[in-house]
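> Take numbering that gives the first Met the number 0: the final residue in the sequence shown is number 65, and no numbers are missing along the way.
Heads up, a few of these hints could be off.
As the list claims (entries may be wrong) - Ranges between beta-carbon positions, derived for each pair:
| no. | residue 1 | residue 2 | range |
| --- | --- | --- | --- |
| 1 | 21 | 49 | 34 to 44 Å |
| 2 | 26 | 5 | 27 to 37 Å |
| 3 | 12 | 34 | 50 to 60 Å |
| 4 | 6 | 42 | 46 to 56 Å |
| 5 | 51 | 16 | 46 to 56 Å |
What the hints assert, rightly or not - Keeping only pairs whose Cα atoms sit at most 25 Å apart, straight-line, the calculated SDA-like set for lysine to any residue is:
| no. | residue 1 | residue 2 |
| --- | --- | --- |
| 6 | 8 | 20 |
| 7 | 8 | 18 |
| 8 | 8 | 19 |
| 9 | 8 | 21 |
Rather than coming from a laboratory, the hints here were simulated on the basis of the structure. We put the beta carbon where it would ideally sit given N, CA and C, even for glycine.
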Amino acid sequence: MVWSNDDDKLCYNCNTCEAAYVINYVHGWHTRLFCMFIALVVWIGCFDFAFGANNENNLQGRQQTV
0 MVWSNDDDKL CYNCNTCEAA YVINYVHGWH TRLFCMFIAL VVWIGCFDFA FGANNENNLQ
60 GRQQTV
C-alpha cells in the first residue's frame, strides 16, 4: 500500500473493500435464503390447512365400500 496525496485517488489496492463486499454479499444471501425457506414452510402449511381440512370434511360424508 503506497500513500498518495492525490485527491482523485481513493483506492490504494489493499483489497479491503473487495473482502467487505464479499462478506456482505454472502451474509445477505444467507438471510434471503432463510427468509425464503420460512415463507415456503408457511405457504405449505397454509395450503395443507386449507385443502387438507376440505378433503377431510368431504371424506367424512362418504361411505367407503369394499
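> Does each hint fit the structure? Answer for all of them.
Quick rundown of the hints versus the structure:
| no. | hint | result |
| --- | --- | --- |
| 1 | 21 - 49: 34 to 44 Å | holds (42 Å) |
| 2 | 26 - 5: 27 to 37 Å | holds (33 Å) |
| 3 | 12 - 34: 50 to 60 Å | violated (36 Å) |
| 4 | 6 - 42: 46 to 56 Å | holds (53 Å) |
| 5 | 51 - 16: 46 to 56 Å | holds (51 Å) |
| 6 | 8 - 20 | holds (20 Å) |
| 7 | 8 - 18 | holds (19 Å) |
| 8 | 8 - 19 | holds (19 Å) |
| 9 | 8 - 21 | holds (22 Å) |
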